[in-house]
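What follows is each chain in one-letter form.
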Amino acid sequence: MILLGILGLLWLPSIALTISQALKPHFARSWFIAIAGASLALLATFFLRLYLPMEVEFIRWLPDSLYHTTIAFRIDYINWHYMLAILALCIAVILTDSSRASTQVNPTTWAAALGLTGLNLISVMSKDPLTMAIAWAITDLVELIYLLNFLRSSESTGKVTTIYGVRLISTIVLVAATAVGWQVTAGLDFTQIPPTASLLFLIAAGLRLGVLPLSFPMQNSLELKRGTDLLLRFSPVVSALVLIAHLPSEILVLNQNLVSIISILTVLAALYASAMWLTRADANEGRPYWVVALSALALQSALNGQPENSRVWGLALLLTGGVLFLFDPPIRRIRFIPLLGLIGLLGLPYTLAASGWSAILGDQISFASIAMILCHVMLVGGYLRYALESNSTVTGLEKYARITYPLGLILLVQTMLVLNLVGWSGVLTVGAWWGSVASLGLVLLGGLLTKKLGLRLTSTEFKEKLPFYRLGQRVLDTLRIIFSLNWLYAIARWLFARLGDAADFFRQVLEGEAGVLWSLFFLLLMATLIYTQVGQP
Amino acid sequence: MNLLTTPSIWIFLPILLTSVLVLVHRLPKLSVWIACLGSLLLALAAFIFPQSLEFNLLGRKFLFDDTFLIFNRGLTLTGSQLKTVAMLYLFSFLWNIAGLHFSVSRWFPTISLAITALWITTLAVKPFLYAAVIVELIVLLSTLLLTPRGKQAGSGVMRYLVSQTVALPLILLSGWMVTGIETALSASPLILRGTVLILLGFSLWLAIFPLHTWLPMLADETHPWVFSFVFLMQQSSLWLLLLEFLDQFAWLRNLTGIFPMMQWAGVLTVLAGGVLISLQTRINRILAYLILIETGYSVLAVGLINQGGGYALALSFIPRVLAYWQWAYTLSSVQQIAPEIDGSFPSLRGLFSRLPFHSMSLIISLLSLLGLPALGLFPAKRILWNSIADLTFHYTPLFALAVAGMALFILRMMHTLLTPDPETASSSLLTAGEESAWQIFILCFFTLLSLLMGIFPHLFLNPFLGLLEPFIHLLPPG
Chain R
1 MILLGILGLL
11 WLPSIALTIS
21 QALKPHFARS
31 WFIAIAGASL
41 ALLATFFLRL
51 YLPMEVEFIR
61 WLPDSLYHTT
71 IAFRIDYINW
81 HYMLAILALC
91 IAVILTDSSR
101 ASTQVNPTTW
111 AAALGLTGLN
121 LISVMSKDPL
131 TMAIAWAITD
141 LVELIYLLNF
151 LRSSESTGKV
161 TTIYGVRLIS
171 TIVLVAATAV
181 GWQVTAGLDF
191 TQIPPTASLL
201 FLIAAGLRLG
211 VLPLSFPMQN
221 SLELKRGTDL
231 LLRFSPVVSA
241 LVLIAHLPSE
251 ILVLNQNLVS
261 IISILTVLAA
271 LYASAMWLTR
281 ADANEGRPYW
291 VVALSALALQ
301 SALNGQPENS
311 RVWGLALLLT
321 GGVLFLFDPP
331 IRRIRFIPLL
341 GLIGLLGLPY
351 TLAASGWSAI
361 LGDQISFASI
371 AMILCHVMLV
381 GGYLRYALES
391 NSTVTGLEKY
401 ARITYPLGLI
411 LLVQTMLVLN
421 LVGWSGVLTV
431 GAWWGSVASL
441 GLVLLGGLLT
451 KKLGLRLTST
461 EFKEKLPFYR
471 LGQRVLDTLR
481 IIFSLNWLYA
491 IARWLFARLG
501 DAADFFRQVL
511 EGEAGVLWSL
521 FFLLLMATLI
531 YTQVGQP
Chain C
1 MNLLTTPSIW
11 IFLPILLTSV
21 LVLVHRLPKL
31 SVWIACLGSL
41 LLALAAFIFP
51 QSLEFNLLGR
61 KFLFDDTFLI
71 FNRGLTLTGS
81 QLKTVAMLYL
91 FSFLWNIAGL
101 HFSVSRWFPT
111 ISLAITALWI
121 TTLAVKPFLY
131 AAVIVELIVL
141 LSTLLLTPRG
151 KQAGSGVMRY
161 LVSQTVALPL
171 ILLSGWMVTG
181 IETALSASPL
191 ILRGTVLILL
201 GFSLWLAIFP
211 LHTWLPMLAD
221 ETHPWVFSFV
231 FLMQQSSLWL
241 LLLEFLDQFA
251 WLRNLTGIFP
261 MMQWAGVLTV
271 LAGGVLISLQ
281 TRINRILAYL
291 ILIETGYSVL
301 AVGLINQGGG
311 YALALSFIPR
321 VLAYWQWAYT
331 LSSVQQIAPE
341 IDGSFPSLRG
351 LFSRLPFHSM
361 SLIISLLSLL
371 GLPALGLFPA
381 KRILWNSIAD
391 LTFHYTPLFA
401 LAVAGMALFI
411 LRMMHTLLTP
421 DPETASSSLL
431 TAGEESAWQI
441 FILCFFTLLS
451 LLMGIFPHLF
461 LNPFLGLLEP
471 FIHLLPPG
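These protein sequence lines map, in sequence, to chains R and C.
Position 212, counted from 1, in the first sequence is what my numbering calls 212; the numbers after and before it change by one each time, with no gaps.
Position 309, counted from 1, in the second sequence is what my numbering calls 309; the numbers after and before it change by one each time, with no gaps.
Looking at chain R on its own, in the form it has when it is part of the complex (with noise of 0.2 Å):
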């Protein structure tokens, strides 16, 4: 019950804003109704902390021998924190929204937040991969919709298709992976997915996630930078995050090899990635590489037989960067707030990410939980990079909207703090307490350095002082070229078109004068095969 209102009370807002807006448009009178809203979801949300692990059974698909399949939802320990970061960082968008005035924030976008959230959730929330399947097709159907109701370029349109085609792709590998589940358990939960198809599962979120294969589709889109447009490219993320929490620790015991293979595009995504966030010109333009590395770690905790820990990641993804991203305009004079989001992402003893150190170095140090450091230094680095960069000094915002604007900031800082003293058992924790250390001593030794020596990251004279620098830019010109991937889509596209010409000629062929003559033919085979197959003992 307590589910179906959290719902209620992120769509009913929603409609009662769209049709507000359509009737009489009333500014002020939007904005508290999705406020409302989004906030009594969030404390209802919170309420359900006392009562974890749950279960709502939804609809049952009768008979049950025929479908096996419930649509339900489950909440526990493993995604109860995404739905309050999830529903956080709605309010957040929706609370520093009203600083935006200068773009194009209207309540539309507010009903389409609320509506999106609540669908996310009930991916989130999904108790067996069927529902999040049911979920993902829906969410990204009407994602798709909402999209294409404000895109103007013909170069987004194509950037849309994109996105949608990976999306769909996940979501038929997510189909493909419960068919394969489904060989060992009939209707199997979250709970029962076997080493045999957590695999397939793996690959539906990294394809999701944009991190296998490695693709950043919507990174110049002029229309999508931030505000409410945050929450559609973070919502995908965040099912896919809890897909990933729910897999098996037994993944190793697949094809050694495979997994391996997996394993090195993981962790090169996250070096590209992260490497490519330290060096943008803004946070906005590093945006997809932040979600693309911090994706990149929360597999490869799946990867090393803790993908609970992933969790951390994806909270240090959807949080954090939700708190650097909404910083908008980032005010000089408030950017200690952005500096506090960074509590959920060094992992220092006792804080929200300490619990996933362990998860992406492993049990051994090796070349990966090297790389996994390396990442982890690019990624706080960029971030106080981009929150200390900020020195706007904005002057004409609105009365209601200085306290708005970093209420909405402070909030996700709150949550992350919540979540670290009851996100979940054992979440105050020591943890690889090295891996933080490490990497917030090569941060500092990296900022001291560049402070010392007057230098700035992104201007030319830092790059000529750099040692290797050539080599350095070659390098990473090359991954760029590489994970692009636009050489594996030229080499399709040729033999795609190479494939037409093949089906034109034998199209002629069966469709001209001879056509019949060809029909008898296969019916003649037809009948051959028939003739020798069938019957026999």
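To be clear, the hints were calculated from the coordinates, so they are not data collected in a lab.
A couple of the hints might just be wrong.
Pair by pair, the computed Cβ-Cβ distance ranges are [stated by the list, open to error]:
no., chain 1, residue 1, chain 2, residue 2, range
1, R, F47, C, I97, 46 to 54 Å
2, C, L44, R, Y400, 55 to 63 Å
3, R, L525, C, T165, 14 to 22 Å
4, R, Y469, C, A400, 55 to 63 Å
Every beta carbon over 12 Å from chain R, so not counted as near; a handful from chain C, in silico [to be verified]:
no., residue
5, N2
6, I9
7, I15
8, P50
9, G150
10, E244
11, G343
12, L449
13, F456
Glycine is no exception: its CB is placed at the ideal position from the N, C-alpha and C atoms.
With chain R's structure known, arrange chain C on it following the hints.
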């Protein structure tokens, strides 16, 4: 002669109605309304008619006989077959009600009703081998619809006629060959020959790969609305006829290797459809490939009859019809609104900016046919996917390729519809509203219906499991 029989109501009455329609065919609106009303009433009557064929009205008890004897042959429509009858008349209603808006032949209401009645006859005629002759009659009638008025019959129509006519002697010969064969050994050469003839006959009727080449040719020459109706009826009815053959001929269903053979035929047909659709550049031909893919799925379902395939077949009937209807309606409507669209992909570029609801409807109907979760065909296709995953690994890569092919086509189509022509690109993606509120309502309604069927199949689709009830030997109750 007892006229209080089920065939009198659902076969002879509509044929009588058809003769009335012949007289008024010059009044298109009246024809359509008579056909619609007739189809709807017959569908409703079949749906609510008691299965015992007995009911009380105004204190009088009516008991209907299920058999009508004619020329010493029987037409039998049992209570368990009435759901099928209701479904076929519902299709006739759906196609006639919207057909009024499109420039199809004015004979459409007349012939569509006649075709529906004849398809029911094929399911009712005893001995059922005579169905082959009636199918040929339907094919001949269909060619009238498939050939646009004032034009010469195209090569597609000719090939269709040839292909279907070749199937006729094969089926009839099989009947003659296997008379009294029930006691023969299953490996008897006569049984094998009979099997070959039956399977070849059905392969030709259903246009199974590689005997499908006339299907896209015909789709390219014909109005999508007419094409979708003719082949929807053909596909739906022939499946039931095939099940009837398997149900009635114990030697056929007990033959070693018959079901694996069907599984392979189904998988290869789905694969061919998936690969070929991904390469298409003419939108009019798409429906042909969609029918090919769905035929493949249905063959596979029959091949997996003992692994839940029969249920998948029954569950897929209505969502498939709705998806065909949505596709054909949208495409016909697009061609009506924008006659300059010649069916090639370049002519569709940027259609989303002009007709956003139509564009989305095309995509959603394709997604439904793909078997996307939450849409109508998903519950049925999921049963098949799970069954083949359980059965053997061999089919999996072939299926993956087929699904990938169709997904690729959907994305290509989406890209074409969304990307404006650079020469006519406007600043906004949405420019003009050429769609009427009624059209928008219809497209949204069918999308919503597909969603509801995908999410609540137990409510919307389970009643159609009753389609399998007549096949008591093939699928024993319980």
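Results of checking the hints against the structure:
no.: 1; hint: R/F47 - C/I97: 46 to 54 Å; verdict: holds (51 Å)
no.: 2; hint: C/L44 - R/Y400: 55 to 63 Å; verdict: holds (60 Å)
no.: 3; hint: R/L525 - C/T165: 14 to 22 Å; verdict: holds (20 Å)
no.: 4; hint: R/Y469 - C/A400: 55 to 63 Å; verdict: violated (45 Å)
no.: 5; hint: N2; verdict: holds (39 Å)
no.: 6; hint: I9; verdict: holds (32 Å)
no.: 7; hint: I15; verdict: holds (33 Å)
no.: 8; hint: P50; verdict: holds (24 Å)
no.: 9; hint: G150; verdict: holds (24 Å)
no.: 10; hint: E244; verdict: holds (19 Å)
no.: 11; hint: G343; verdict: holds (16 Å)
no.: 12; hint: L449; verdict: holds (15 Å)
no.: 13; hint: F456; verdict: violated (7 Å)
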